[in-house]
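Enquirer: Residue numbers (the working numbering), protein chains in the order written: chain A, 6 to 436; chain B, 146 to 322; chain C, -3 to 314.
If you're looking for bench data, these hints aren't it; they were derived computationally from the structure.
Keep in mind it's a predicted model, so treat the numbers as computed, not measured.
Where is the CB? At the ideal position from N, CA and C, for every residue including glycine.
Keep in mind that the hints are not guaranteed to be accurate.
A short, non-exhaustive set of chain A residues, derived as facing chain B with CB atoms under 7 Å [to be verified]: (1) 22; (2) 31; (3) 56; (4) 238; (5) 241; (6) 242; (7) 244; (8) 249; (9) 279; (10) 281; (11) 284.
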Amino acid sequence: MTVALLGFLAAFVLIFARVPVAVALMSVGTAGIWLTYGAKMALASMALVVKETTLAYTLTVIPLFILMGAAVARGGLAEELYDAARALVGRFRGGLAFATILSCGGFAAVSGSSVATAVTLSRIAVPEMRRRGYSDGLATGAVAAGGTLGILIPPSVIMVVYGITTETPIGELFAAGMIPGLLGIAGYCLAIAWIVWRRPQSAPAGERVAFAEVRAALGRVWAVLLLFAVVIGGIYGGLFTPTEAAGVGAACSLVIVALRGDLTLRVLWEILVSTAEVTAAIFAILIGATVFAEFLNFSGAHEGVLAVVRDAGLAPWAVIAAILAIYLVMGCVLESLSMMLLTVPLFFPIVTGLGFDPVWFGIVVVMAVEIGLITPPLGMNLFVMRTVVRDVPLWTLYRGVAPFVAADVLRLILLAAIPGISLFLPELLFR
Amino acid sequence: MTSGSGGPGPARRLWSRLLRAVEAVSAVSILVMMGLMTADVIGREGLNRPLPGASELIEFCLVAAVFTGLVFVSWRERHITADLFDALLGRRGRLALRAFGCAIGAGIFGLAAPQMLRLARRAADFGDVSATFGVPMGWPLGVMTALCAVCALAFVLRAVLLAAVLLRGEDLEEGAE
Amino acid sequence: ETVLRYSNWLPAGHSVLEGAIKPFIAEVAEKTEGRVTIETLPKVVGTVPGQYDVAVDGLADITFLVLGYTPGRFPLTEVAELPFSNFDPSALSIALWRLFEAEIEPRDEFKGVKVLTLAVTTPSQIATRTQPIESLDQLQGLKMRNPVASFTAASEALGTVPINKPVSEMYELASSGVVDGTFTPLDTMKSFRLMEVMPYMTKVEGGLFQPALGLVMNRDAWGSLSPEDQAVVMAAAGEKMAGIIGAGYAANDVAAEAEMNALETGGVIEASPEMMAALRERLAFVEKAWIEKAEGLGVANAAELPGRLRDETAALSK
Ligand code: NA
Ligand code: NA
């Protein structure tokens, strides 16, 4: 247990010293096994992880969903989503912020990644909002928060990883994320309404949009709708598995981009290389976190945590509350994928042992991890904002995202308290 | 490359050529993976004839994409990194930490490569084959070994480059090759 | 005093873990008077398919293997997986262990480890989604999930379309209708909730296939035990454990069959003599192929081994 805590500490020190997260986890995990069991064990176990993590068919879903998102982003579909959403809600005060949330939700339905959603929409929405006199905090907060919808609304890379590591059906997880995702959109919209009500100067009044314009804009979002229908409809209609859906979805998105005349060889090349880059970075983290998890396994941390839970005599709901609290704290300092990979092997047996539903726990974990994406100091989506708007002070970013974090925490409590919200669709479709 | 680190001209040219090849393999693997999966689904649903061995080929593509990807992600410093205290550090501090991160990366992948070689040798000795096509598993593992080594090399070169820039006090343009 | 680490991936409550491995651990501790104890690690070391490497490298001292996860590594032991031989998994497991000790262990097929026991599960049957299979014709063109990649040729010989997907996706594949059925033993119909989505099963006499399983120990760890303690370990494992593992699977099957027959739609039927004859004819090549492979590896008496295994099983299961 002490060894494990020292390991966590060492990993944090390296991560904050700007060592790549993957490299930090991999080195600390290897060093930990080395110090407790010797070099031979440490090196052999690291090599085995490297081999087994990549020779895994189900994990191909990760590059393929990333490819799909990259193609969609490159194909200009996000701009159209944003235009359509703006035509729809632009007439309200703060309309562009509402439109940002809606188009994030729409983009999330065809992208498996939160960061990709935030990056894509930030390039479109943030400059537009700043030009129209929105406060920097509201503009960046809305995109950072809206981006998190990317991993809750299916498809979702994080859910896939949860499903694979815990052997929970990915199709059920995807179905379970749908309603919480819609609740997320509602929650963020309420947060915007609250901001605009408290500080009307943070967003200008809306503009009327002619009905014909609304109809025209809505008519252009067919591509996104079609892609979502193919992927999700294919999974639930029995045409293919979630893993295959990633491949088919990626192929369809490339075809759509090509049909719109935007796919030159050069563009295809850029899409593929950027996909390869993100894929390698994610797999590096997968490998690093798995090595670290092996170290935790050898260190007896699991027994330690179990003993703490047992000795404390906590009620089942209190265990869940404690776990969620741990996530919210860890989310402040850890990256989402590694956070999930490190903690789920520890918590999953405890939670399912208490009789909780693995699909519901998956949604709650993804939700908690998602909050980590927008909580300071270390939130991936906030970093994304920094790269897009370098002139906005960090403090403004933090303050801007706070109302959205509040909406998220309320939603997390709601989902944790009422499992039926998440489980309604999986029950309907699968059980 | 800015200067010095890649050694003399021919070595530098070789390295950039290698990087381009590695990038191409990565990109093509991902495209092939997508094609195989789509063909498998269409074959199965449309013709009741799934692509034989598709899942095995897809696995090999994944290995190729990831390990080649690791090489240029490491070289270009595109790993996920917490640049939390960047603002506090100043230019030299940042460069030093980046070089430090690359050095650690070089160390860990340098340790991984010989171990992967051991696994590759063992697979060859024990007669491991892939399930569908009977490909001797020593081959894909050998490729992983080689790419782990190149990845370590990429980290080393990057660390040297960053250290050189730091010592000379120049500025490093983003994504310099 | 020696502490051995066992890497466990079997879920709590699994018949192999509860009925065979835990009693084995207890027996070893007791009979060696505490000189050898076995500690179960909280989480599997490495991945399930990687358990053989885990034992060879000594990342854990004892691991439990599904032999088919490392194709090509144990060609001779694959004799256990031949069709129409599994009338009694307990007897087949014991017979397999005897055959292994006599014919396979001297050839060092399991390099780097000491094999503590070998066993088989109950046999794979035909499970389907929409209708019971009463003749081979009904199988033609059905998309069937393949239990292991090496079963592909057999699946094709039966006229089905083999779908190679991981077992973790099986429930979804069947519930969404991507596959029409699967070749699977009865007990997974219960443990993976498959009977909800594939309520029909046709039992094939002796089964179509059964995965071979093994409990193995790192060879250095084995060598570190005194001959006396080694004898204790083998008395607790070996033939005794093989029988227990097989019997545990058989008991699961009985429970699963009763549950399936209680379903409103669906249930278990036996393949007719005509269907059996057709199946035997179509799958005759499987045994021939194994014999050829074994002969190629220098096993001169390969042709008699499958028969020997069956006879021994029959003698044991009276
Ligand atoms: Na998504
Ligand atoms: Na955070």
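Enquirer: Are the hints correct? Go through all of them and say.
Expert: Evaluated hints:
1. The beta carbon of residue 22 of chain A comes within 6 Å of a beta carbon in chain B, closer than 7 Å, and the hint placing it at the interface holds.
2. Look at residue 31 of chain A: its Cβ gets to within about 5 Å of chain B, closer than 7 Å, so that hint holds up.
3. Evaluation of the residue 56 of chain A hint against chain B yields a held restraint, the C-beta minimum of about 6 Å falling below 7 Å.
4. Given hint, residue 238 of chain A at the interface with chain B, is violated; its Cβ is 13 Å from that chain's nearest Cβ, farther than 7 Å.
5. Annotation: interface hint on residue 241 of chain A violated; nearest CB of chain B at approximately 15 Å, more than 7 Å.
6. With a least beta-carbon distance of about 10 Å to chain B, the hint placing residue 242 of chain A at the interface is violated under the 7 Å criterion.
7. Because the closest C-beta pair between residue 244 of chain A and chain B is about 6 Å apart, less than 7 Å, the hint holds.
8. Annotation: residue 249 of chain A was flagged as interfacial toward chain B, and the flag holds, the nearest CB pair being 5 Å apart, inside 7 Å.
9. A distance limit of 7 Å between C-beta atoms decides the matter here; for residue 279 of chain A the minimum to chain B is near 9 Å, and the interface restraint is violated.
10. For the restraint placing residue 281 of chain A at the interface with chain B, the shortest Cβ-Cβ distance is roughly 4 Å, inside the 7 Å limit, so the hint holds.
11. Taken as an interface hint, residue 284 of chain A checks out: its beta carbon lies about 6 Å from the nearest beta carbon of chain B, inside 7 Å.
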